[in-house]
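Colleague: Using the sequences and the hints, build the whole thing.
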Amino acid sequence: MPESWFVRPATTADLDAVYDLAGQTGPGFTNLPHDRDALHARLDRSQRSFEAQLSHPDDELYMFVLQEAGSGRIGGTALIFSSVGTKKPFYSYKLTRLSQHSRQLDRIVTTSVLNLVNDFAGASEVGGLFLIPELRRSGLGVLLARSRYLFMAMHRERFGKEVLTELRGWQEPEGVSPFWEGLTRRFFDLEFAEADRFHALNGNQFIADLMPKHPIYTILLPPEAQQAIGKPHASGAAAMKLLAAEGFRYDGYVDLFDAGPTMQANVDELRAVKDGRSAMAFADPARSVEGKDTGQRMLLAAGRLLDFRAWRSTGQIEDEARTIRLPASDMALGRLDDGDTAFFVTTPQGTN
Numbered sequence: 012m013p014e015s016w017f018v019r020p021a022t023t024a025d026l027d028a029v030y031d032l033a034g035q036t037g038p039g040f041t042n043l044p045h046d047r048d049a050l051h052a053r054l055d056r057s058q059r060s061f062e063a064q065l066s067h068p069d070d071e072l073y074m075f076v077l078q079e080a081g082s083g084r085i086g087g088t089a090l091i092f093s094s095v096g097t098k099k100p101f102y103s104y105k106l107t108r109l110s111q112h113s114r115q116l117d118r119i120v121t122t123s124v125l126n127l128v129n130d131f132a133g134a135s136e137v138g139g140l141f142l143i144p145e146l147r148r149s150g151l152g153v154l155l156a157r158s159r160y161l162f163m164a165m166h167r168e169r170f171g172k173e174v175l176t177e178l179r180g181w182q183e184p185e186g187v188s189p190f191w192e193g194l195t196r197r198f199f200d201l202e203f204a205e206a207d208r209f210h211a212l213n214g215n216q217f218i219a220d221l222m223p224k225h226p227i228y229t230i231l232l233p234p235e236a237q238q239a240i241g242k243p244h245a246s247g248a249a250a251m252k253l254l255a256a257e258g259f260r261y262d263g264y265v266d267l268f269d270a271g272p273t274m275q276a277n278v279d280e281l282r283a284v285k286d287g288r289s290a291m292a293f294a295d296p297a298r299s300v301e302g303k304d305t306g307q308r309m310l311l312a313a314g315r316l317l318d319f320r321a322w323r324s325t326g327q328i329e330d331e332a333r334t335i336r337l338p339a340s341d342m343a344l345g346r347l348d349d350g351d352t353a354f355f356v357t358t359p360q361g362t363n
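Mapping of the sequence shown onto my numbering: position 41 corresponds to residue 52, and the numbering continues sequentially without gaps.
Because the hints were derived from the structure by calculation, they are not lab data.
Mixed in with the good hints there might be a few duds.
As the list claims (entries may be wrong) - Derived DMTMM-like pairs: lysine to aspartate or glutamate, alpha-carbon spacing no greater than 25 Å straight-line:
1. 98 - 71
2. 252 - 286
3. 99 - 55
4. 105 - 330
5. 99 - 173
6. 224 - 235
7. 105 - 79
8. 105 - 262
9. 252 - 235
10. 285 - 331
11. 98 - 55
12. 285 - 262
13. 285 - 173
14. 224 - 185
15. 172 - 62
16. 105 - 286
17. 224 - 130
Said to hold, decoys possible - Pairwise CB distance ranges (calculated):
18. 110 - 233: 20 to 28 Å
19. 332 - 51: 51 to 59 Å
20. 256 - 46: 29 to 37 Å
The beta carbon of each residue, even a glycine, is placed where N, CA and C say it ideally should be.
Modeller: Right, here's the structure in full:
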């Protein structure tokens, strides 16, 4: 069956669709607030970022949407922040282990400590990944997530050396964060839902302003709060595995708000960046028969900035990866003519 979904830059014209998506995200999804004014501001900032002529990152925001070609329906969103922690601090907690020894008792006590840090200054961030429930078993989440890495590879000068992503932290079935209840709430007169909305609209600076600056011994927290540190939301466990497969790692950094894990990577070591190739694309009439699905599965991208488009296909790789042959319908989806250049990365069977 021909592909019909692709990823493109979002514009202010997508406000209604993105607002509808934001209403489905649930608590803790701070990068896509269910607020029209806030979303319009982000879409406007994103559009200006795509339009800007840049030679280095300067606090840009790039928002992408997943669109169905035939209907125009929007099925998901994804974001890239080009550089965090430079114009205002990007605070995290760093979880470390501390060992202390008593000669008199002949005992060593090891405990975990949370330290407030701003270690990611200058790094890029990916976030805001949301896919409507009906598409979550289609593999389109992989396309949506990895399209950001293809964009970074094709516009390398716009991003930092490192990239991070913050996963939503663990919540109880009723939507309450044990970490918030066990620690953060003690310094704020806010319910979790109220704080979550404020966090989505204003970021976590208010938490950094009022939280203690001294190390926090996790042993003093309730057991539920301790267990939530570095634990992703139930909906984010699969995403964490995909990030690890892409080259991200968890090094003990967690979010101030809900202690969700922060994963990081060197941009040039991301699989989509390291293994991606540019090639001339040609339509292959023999591959344009509906239902024909032999060949190499791949994710592709073409076009710069606002003309960027990413999609998936099954094609033939030739001439030492300098040429790829695709179904005509997939060439059209990527707005490619014969001989145009496309950036691609191969994917294992069943992953895209």
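Colleague: Which numbered hints are broken by the structure, listed smallest first?
Modeller: 4, 7, 14, 16 and 19
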